[in-house]
Amino acid sequence: VGLGGSQAGTLTSVLLESNDHYGNVVTKGGAELEGTLVSVDGKSLHTCNIDDHNDGTYTLYYEAEKMGDYFLAVRMEGQHIHESPFLVFIDHTDSDPQHCIADGRHDSGDGLKSCVVGVETGFVLVCADRFGNKCSVGGDEISAELRGAKNVTVEVLDHQDGHYTLSYTAIWAGLYKLHVLLGDDDVYGSPFAIVAETAGIHPPSCYVHGTGIYACEAGVEAQFHVQTKDKFDNVRPEEDELEVKISGPEKVAILRRYLGDGQYDFFWTANTAGQYEVDIQNKGVSLATAPYSANVGPGKVFPINCVAEGSGIKEGVAGETQVFSIQSKDMYGNKRTTGGDRFVISISGPSSCEAKIRDKDDGSYACTWSAMIKGTYWIQISLNGDDISGSPYFCEIFPADVDVANCTAEGMGLLAIKTGQLSRFTIHSVDRFGNHLDKGGDPWEVKIDGMEVIDDAEVHDERDGTYTVTYKSDMKGNLQVMIGIRGRDLPDCPFDVISDVKLRRKEALKRLEEKRSLKAKKGRKKQVEVEESSSGSSGEEEE
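Just so it is clear: in the sequence shown, position 262 is 262 by the working numbering, and no numbers are missing.
Quick caveat, the hints were computed from the structure, so don't treat them as lab data. All values derive from a computational prediction rather than experimental measurement. Every residue, glycine too, gets a C-beta built ideally from N, C-alpha and C. A couple of the hints might just be wrong.
Computed list of lysine to aspartate or glutamate pairs in DMTMM-like fashion (alpha-carbon distance at most 25 Å, straight line) [what the hints assert, rightly or not]:
#1 Lys439 / Glu452
#2 Lys245 / Asp279
#3 Lys134 / Asp158
#4 Lys356 / Asp279
#5 Lys439 / Asp265
#6 Lys472 / Glu458
#7 Lys231 / Asp184
Quick list of simulated restraints, FRET-style, between CB atoms [what the hints assert, rightly or not]:
#8 Gly138 / Gly200: 22 to 32 Å
#9 Lys245 / Gly200: 15 to 25 Å
#10 Gly375 / Lys335: 43 to 53 Å
#11 Lys245 / Gly183: 58 to 68 Å
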């Protein structure tokens with residue numbers, strides 16, 4: 001059997017039978033035999049042991065550790081026996097874990113040291129027996145596993161020639177232990193320490209959060225945070241090339257701070273309210289769900305920037321509701337969009353007035369007030385003790401339309417006149433609140449009859465709310481003067497007038513004094529009514 005070869009490290013025997021010169025079997029021992037096992041390259045020489053069975057047969061034993069071809073030389077009495085030397089082959093024995101060598105060289109790097117997540121990495125395992133002889137056949141029970149936070153399966157490819165290709169793809173970055181086993185035992189060097197490195201930045205996998213990409217306040221620094229990751233959700237360990245672009249009503253400065261481990265803080269401040277687009281890019285590709293629409297709202301109210309608008313702070317008509325609005329603004333001039341500001345309106349002038357304020361909850365305030373007495377009014381608008389822009393305002397209140405019931409007429413032409421001479425009297429246009437009109441245009445009508453009908457009375461508009469009436473009577477006697485507009489006469493109508501050639505001055509003066517006394521009483525009564533009306537129309541401030 002031993003002439004057919006053996007395995008490394010295995011003691012192998014060869015049975016020798018001795019014959020004489022004629023081919024007869026020798027049945028006794030004692031022959032001088034020797035055996036040597038020499039490698040073909042001559043580098044290895046082994047002396048064989050021989051057992052003499054004393055019956056003409058001998059057993060020769062040889063053993064070698066190195067795989068290869070050997071010459072087995074057997075000599076008797078110094079001479080090679082028949083067919084000696086014999087060519088025998090020493091094959092490798094079973095693979096031994098401590099002699100199986102892993103080689104990390106791979107197209108994607110050294111698979112025994114590091115890898116990049118998402119990239120297939122591998123290594124080669126060459127099996128050998130306990131003597132270091134490389135195995136030439138496959139079939140060994142080779143397995144491997146990458147153990148870490150999450151274990152990774154390792155694929156094994158048997159090339160059927162004693163070497164194996166092992167490959168794996170890590171998904172999670174971090175530290176791993178690579179266990180390579182032959183059966184249940186680790187091969188030489190196992191376990192290996194593996195560093196799974198993060199893949200390149202993957203914009204869709206990055207995370208962006210913070211108020212700076214959604215809602216900000218004018219003049220207040222806005223901030224947002226960026227966490228860069230690879231496509232497998234691993235945090236990037238190093239700084240990447242990020243570009244932030246913010247466009248909107250104004251150009252803004254952007255500050256960047258790198259925190260390490262792929263984390264960034266970005267800061268920006270806009271003074272102009274409005275919609276801004278915030279885009280975070282890596283090499284032209286937007287991160288996460290960018291671009292974002294950030295709304296920059298107005299800041300806190302700033303009294304000096306608030307404004308009042310409307311005719312109600314410029315001019316108006318007595319008795320009518322004066323309307324104006326207040327627009328609340330922040331310190332940058334942005335219109336505020338929420339209510340709650342406690343504006344105070346103080347009005348001083350010819351009469352006492354109070355304003356009403358209605359908060360429209362959109363940053364604007366509807367204001368109303370009214371005055372019964374004509375004249376200039378001082379409107380002061382303040383917030384927290386500070387006047388708003390333009391305050392105080394000066395508003396001119398003009399008289400209302402003429403009210404015949406409050407109008408008066410005076411002059412000698414309504415008392416006594418001298419026959420044959422021009423006489424005159426004056427009409428005063430007054431509104432319903434007792435305000436004397438400052439302009440003309442009222443269609444006053446004058447009718448005079450009695451001893452004669454006078455149709456040529458002339459009404460002259462003085463354009464200041466007064467009207468001068470001139471007429472002449474050619475007959476002595478009593479006259480009645482009617483003064484009115486569109487069929488409505490003055491309360492004192494008709495006026496009884498004496499027409500005489502010789503004017504009785506004393507009687508005329510008496511009548512004039514009576515008229516003045518009556519007018520004064522009516523004036524005092526009207527003033528009380530106006531004040532009561534004005535007080536009743538003033539309301540409390542509405543929030």
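Satisfaction of hint between Asp279 and Lys356, Cα-Cα up to 25 Å: Violated: Lys356 and Asp279 sit about 47 Å apart, past 25 Å.
Is the straight-line distance between the alpha-carbon of Lys439 and that of Glu452 25 Å or less? violated (33 Å)
Proposed proximity, Asp158 with Lys134 (alpha carbon, max 25 Å): holds (15 Å)
Proposed proximity, Asp279 with Lys245 (alpha carbon, max 25 Å): holds (5 Å)
Holds or violated: are the alpha carbons of Lys231 and Asp184 at most 25 Å from each other? violated (36 Å)
Hey, Lys439 versus Asp265, does the alpha-carbon distance stay inside 25 Å? violated (70 Å)
Lying within 58 to 68 Å: is that true of the beta-carbon distance Lys245 to Gly183? Given a distance of about 60 Å, which is inside 58 to 68 Å, the answer is holds.
Holds or violated: are the alpha carbons of Lys472 and Glu458 at most 25 Å from each other? Between Lys472 and Glu458 the Cα gap is close to 10 Å, so the pair holds against 25 Å.
Is it true that Lys245 and Gly200 lie within 15 to 25 Å of each other by Cβ? holds (22 Å)
Do the beta carbons of Gly375 and Lys335 sit within 43 to 53 Å of each other? violated (33 Å)
Whether the CB-CB distance between Gly138 and Gly200 falls inside 22 to 32 Å: violated (37 Å)
Of the hints listed earlier, those the structure fails to meet are numbers 1, 4, 5, 7, 8 and 10, in rising order.
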